[in-house]
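Going line by line, the protein sequences match chains A and B.
If you read the first sequence in our numbering, its first letter stands for residue 1, the second for the next number, and so on.
If you read the second sequence in our numbering, its first letter stands for residue 1, the second for the next number, and so on.
Keep in mind that the hints were calculated from the coordinates and are not lab data.
Zero decoy hints are in this set.
Any copy will do: because identical chains look the same in the list, a pair fits if it lies in one copy or spans two.
Only pairs whose alpha carbons sit at most 16 Å apart, straight line, appear in this in silico EDC-like list of lysine to aspartate or glutamate: (1) K49 with E141; (2) K5 with E59; (3) K145 with D48.
Protein chains: 2
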Amino acid sequence: MAELKLHDLEPSGNCYKVRLFCALLGRPLNLEPVDLMGGAHKRSPFVDKNPFGQIPVLEDSGVVLRNSQAILVYLARKYGDESWLPIDATGMGEVMTWLMTAENEIARGPADARLHDKFGFKLDVHQARENAAHILGLMEEHLAKNNWLALGRPTIADIACMPYVALSHEGGISLEPFPAIRAWITRIKALPGFISMPALWDAP
Amino acid sequence: MAELKLHDLEPSGNCYKVRLFCALLGRPLNLEPVDLMGGAHKRSPFVDKNPFGQIPVLEDSGVVLRNSQAILVYLARKYGDESWLPIDATGMGEVMTWLMTAENEIARGPADARLHDKFGFKLDVHQARENAAHILGLMEEHLAKNNWLALGRPTIADIACMPYVALSHEGGISLEPFPAIRAWITRIKALPGFISMPALWDAP
Chain A
1 MAELKLHDLE PSGNCYKVRL FCALLGRPLN LEPVDLMGGA HKRSPFVDKN
51 PFGQIPVLED SGVVLRNSQA ILVYLARKYG DESWLPIDAT GMGEVMTWLM
101 TAENEIARGP ADARLHDKFG FKLDVHQARE NAAHILGLME EHLAKNNWLA
151 LGRPTIADIA CMPYVALSHE GGISLEPFPA IRAWITRIKA LPGFISMPAL
201 WDAP
Chain B
1 MAELKLHDLE PSGNCYKVRL FCALLGRPLN LEPVDLMGGA HKRSPFVDKN
51 PFGQIPVLED SGVVLRNSQA ILVYLARKYG DESWLPIDAT GMGEVMTWLM
101 TAENEIARGP ADARLHDKFG FKLDVHQARE NAAHILGLME EHLAKNNWLA
151 LGRPTIADIA CMPYVALSHE GGISLEPFPA IRAWITRIKA LPGFISMPAL
201 WDAP
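Okay, chain A solo, but in the shape it has when bound (with noise of 0.2 Å):
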């Protein structure tokens, strides 16, 4: 079996999303801990593999592949079966609106959010947590009438949007009153081969 390498941070939820998809595909990975704290991730030889100098990163046999969601894609094609990640138009399209949520919405949401409280960012936190109001509220009422976020099973998506989601307390947001998200990750904590991180919101 071929090795996949992690250029990974432990606290990282974009980390955390290669690591429990891997778990959930039962592929071993070697962690490579990139010493952020030191910025090893803005000079040699991180930025070689990675120009934008974010964790991230994934080796596989020559293979080097930046950006947490564009890594769930590649290992859905290469190791996955089409469950996780359908290739007929209508449900690659459905998982991919997920993919850009978790890009795009749940990044200046709670991922902002947590960046500020957590690790100190300067960056505004009051607009983050209202980003984060506005795209928790969409997803409780997609998650109120859908188990799953795309196609009514587990999917990429599920596993993209999760960890932030899940996280929003070190942001300073309660999920108490979303019991549909609550009740969507005590579901993917029940997935075989679930995996958790440090910190990750225990559904009661």
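Mind docking chain B on chain A? Use the hints.
Below, chain B without anything else, positioned relative to chain A:
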């Protein structure tokens, strides 16, 4: 030929992506303008099609899809060939990295700056311009070594990323310091079937 319908706004770069890709594919597109000034995107029947209240929305024989990047993926899988979006893991992963750049860094950079300057959105325009300088610098470096964003050929990565980059001047950002980006825009404009939009930056 089944009728494609796009819920559209002419000056929206996200809607333009879809119009442009359909033109490149030679697919006729029925445009349905959405009255954003009148708030039509925030109420029924629009929000029944897209609870996020955002344009564009594509309708195709019963399929209803939100988000411009997801729509590009759908159209590529349904009406394109694999040159626009391959289904092998490595090729698809590489295209995805740039769709995510369109959804995140470009949205938070030149697109946000334009929302502020052109449409009066209340947002931190200094942060948006700083984000824009950062992502344009990264793209310039990449395009100085590559004619296209991914796979050495035109893909939906280029269609997703070009519009808000080419419209940077409407957010107070000059592309003068970015010759490789300007050359890339010129290459996209030379693609067979290319269509423009109002205010699209004219390469010298």
